[in-house]
Amino acid sequence: MTDPEHHQTAPQDRISLLNKFIYGLGALVNNLLGAAIGGMVIVLNLGLGMNPALVGLVSALPRLTDAITDPLMGYISDNTRSKWGRRRPYIFGGAIAAGILFAALWQLPSDQSETFYFWFFLIGSLIFYLAYTVFATPWVALGYELTPDYHERTRLMAVQNFMGQMAYLIAPWFLWFMQNDNFFDDMSQGAGWLAIIIGAFTVCVGILPAIFLKEPNQHIVDKPTAKDTEALAPGVKGFFKGFADTIKFKPFLCLCGATFLVFNGFMMVSSFQFYVIIYYVFNGDTNMGSEYAGWAGTLSAIATFCVIFIVTKISTHFGKRRAFFFAIGMSIIGYGSKWFCYHPDYPLLILAPVPFIAFGLGGLFTLMGSMIADVCDFDELKTHKRREGMYGSIFWWVVKLGMAVALAAGGVLLNATGFDVALGGEQSESTIFYMRLFDAVVPMVFSAIAIWLVMLYPITEETAYQTRAKLEARRGAV
Numbered sequence: 001m002t003d004p005e006h007h008q009t010a011p012q013d014r015i016s017l018l019n020k021f022i023y024g025l026g027a028l029v030n031n032l033l034g035a036a037i038g039g040m041v042i043v044l045n046l047g048l049g050m051n052p053a054l055v056g057l058v059s060a061l062p063r064l065t066d067a068i069t070d071p072l073m074g075y076i077s078d079n080t081r082s083k084w085g086r087r088r089p090y091i092f093g094g095a096i097a098a099g100i101l102f103a104a105l106w107q108l109p110s111d112q113s114e115t116f117y118f119w120f121f122l123i124g125s126l127i128f129y130l131a132y133t134v135f136a137t138p139w140v141a142l143g144y145e146l147t148p149d150y151h152e153r154t155r156l157m158a159v160q161n162f163m164g165q166m167a168y169l170i171a172p173w174f175l176w177f178m179q180n181d182n183f184f185d186d187m188s189q190g191a192g193w194l195a196i197i198i199g200a201f202t203v204c205v206g207i208l209p210a211i212f213l214k215e216p217n218q219h220i221v222d223k224p225t226a227k228d229t230e231a232l233a234p235g236v237k238g239f240f241k242g243f244a245d246t247i248k249f250k251p252f253l254c255l256c257g258a259t260f261l262v263f264n265g266f267m268m269v270s271s272f273q274f275y276v277i278i279y280y281v282f283n284g285d286t287n288m289g290s291e292y293a294g295w296a297g298t299l300s301a302i303a304t305f306c307v308i309f310i311v312t313k314i315s316t317h318f319g320k321r322r323a324f325f326f327a328i329g330m331s332i333i334g335y336g337s338k339w340f341c342y343h344p345d346y347p348l349l350i351l352a353p354v355p356f357i358a359f360g361l362g363g364l365f366t367l368m369g370s371m372i373a374d375v376c377d378f379d380e381l382k383t384h385k386r387r388e389g390m391y392g393s394i395f396w397w398v399v400k401l402g403m404a405v406a407l408a409a410g411g412v413l414l415n416a417t418g419f420d421v422a423l424g425g426e427q428s429e430s431t432i433f434y435m436r437l438f439d440a441v442v443p444m445v446f447s448a449i450a451i452w453l454v455m456l457y458p459i460t461e462e463t464a465y466q467t468r469a470k471l472e473a474r475r476g477a478v
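Here my numbering is used: the first residue of the sequence shown is 1, the next is one more, and so on.
Careful: at least some of the hints might be erroneous.
As the list claims (entries may be wrong) - DSS-like cross-link-like pairs, simulated, lysine-lysine; straight-line CA separation at most 30 Å:
| no. | residue 1 | residue 2 |
| --- | --- | --- |
| 1 | LYS83 | LYS250 |
| 2 | LYS83 | LYS313 |
| 3 | LYS237 | LYS248 |
| 4 | LYS83 | LYS241 |
Stated by the list, open to error - Label pairs and their computed distance ranges (CB to CB):
| no. | residue 1 | residue 2 | range |
| --- | --- | --- | --- |
| 5 | PRO344 | GLN12 | 52 to 60 Å |
| 6 | VAL412 | LYS470 | 22 to 30 Å |
| 7 | ALA200 | ILE333 | 34 to 42 Å |
| 8 | ILE127 | ASP345 | 41 to 49 Å |
| 9 | THR463 | ASN182 | 57 to 65 Å |
| 10 | GLN12 | VAL412 | 51 to 59 Å |
| 11 | LYS382 | GLY93 | 50 to 58 Å |
Honestly, the hints are just simulated from the structure, not real lab data. Even glycine gets a Cβ: it sits at the ideal position worked out from N, Cα and C.
Whenever a hint applies, use it, and build me the whole structure from the sequences.
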């Protein structure tokens, strides 16, 4: 790899460390809610006895509605004009609503039918995810526009990813907390109290980016006309046109496809590997399995902190694409090593693949946000509009879709292995084999395809700075 010519970040383009930290608090809230949903949903199966396929379905369906609500929220945010800005009012109100609704969602009544739990959780999830969207979509868009500099964008995303990873430092212990007999009578009661804690944290911390960060109004290049504000039709037409233009932009599609594959593979493993650890490595011992899974998750979060620093440095010297190839390649090595390291006779080897796997999400969310911000510049050059909200909403809907597909597929695959929770540690040999096979091979294949997609992404450091120069010249002329 050759060392390309580098541009220096101008002082006015830099974001203070304090502001990066405050923006990163939004990532902590965002990731905590996402990780909690993925990690706590196991309660519906192990705690309430719901069929794994139904658990996967009730987890997936609400995320599919985001295909409408996320881009709509992005469009609303892009076109909002208020004295508080385009993003901050929604971040503030969305954080409060999401925290309260998340706490309420997990107050599951006891001794109800499987059908009752399915509809209770489905309806509650639909309402919660709407509030979650109101918070997350404008917060993501705000990050894309805080700086116009190619390298400072990566540094900002590195800090926010670093902050966001703190959620994954905590999340692996959710199962241990919920099923701990010393604290609660049953797992569903533990989930209820955990949700209250997470909800309160969401309200108190999620509002901080809205309070302390300022929006860069110089990036708003289009102003609403009287016709736009007096009639609904132009807004509806503008939404569909903006949506169509966004999903047709090939550099953006490359990033979305790669993100879907990498994140889908990781999330499928994150829900599936609990079963492999508990029922293969520890022969059905839930307490030991959850403890070791917790240690593995904690090590993953710690390793990811280091990965973020490494990937940021590689991106600076060799470009964002090559940094992505390196990071995802390392994660493929980690997934493959699980086949050999997950062994009943050597439980500590569970920790060996973790640092390699950490390169997956550590690299993905450090680089993708920065690359999408570059895409927004290319889009403005073509359309004369800033659509950070639209791009961010569709990108994160792809992330959510990956989570939904992973959760649904995880339940279906678990049934396909022949797993029966009533058998405990007496699962059949074929069940164990297929559980291990899906756990290792699926994310390896997905990650390899993601590397191929990013090879097609055309934006380099040089082209990004050329685009910025053209935009600034055009804005100055206007």
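Task: Range hint compliance [Cβ, THR463 to ASN182, 57 to 65 Å] - done: Holds, at about 58 Å.
Task: Proposed proximity, LYS250 with LYS83 (alpha carbon, max 30 Å) - done: violated, 35 Å
TODO: State, for the Cβ atoms of LYS382 and GLY93, whether the hinted interval 50 to 58 Å holds or is violated.
DONE: The hinted range 50 to 58 Å is violated for LYS382 and GLY93, with Cβ atoms some 33 Å apart.
Task: Pairwise hint evaluation, LYS241 against LYS83, where the allowed Cα distance is 30 Å at most - done: holds, 27 Å
Task: Beta-carbon spacing of GLN12 to VAL412 - inside the hinted bounds 51 to 59 Å or not - done: Holds - the Cβ-Cβ distance for GLN12 and VAL412, about 52 Å, lies within 51 to 59 Å.
Open item on the list: 41 to 49 Å was suggested as the range; check whether the CB atoms of ILE127 and ASP345 agree with it.
Closed with: Roughly 47 Å apart at Cβ, these two residues keep to the hinted range, so it holds.
TODO: Just tell me: holds or violated, for the beta carbon distance of ALA200 and ILE333 against 34 to 42 Å?
DONE: holds, 40 Å
TODO: Note whether the CB distance of PRO344 and GLN12 lies within 52 to 60 Å or breaks it.
DONE: For PRO344 and GLN12 the Cβ distance comes to about 59 Å; the hint holds.
TODO: Would you mind confirming whether the straight-line C-alpha gap from LYS237 to LYS248 stays at or under 30 Å?
DONE: Roughly 17 Å separates the two Cα atoms, so the pair holds.
Task: Consistency of beta-carbon spacing, LYS470 to VAL412, with hint 22 to 30 Å - done: Violated, at about 49 Å.
Open item on the list: Holds or violated: LYS83 and LYS313, Cα atoms, limit 30 Å.
Closed with: Violated, because 38 Å separates the two Cα atoms, which is more than 30 Å.
Comparing the model with each numbered hint stated earlier shows that hints 1, 2, 6 and 11 do not hold.
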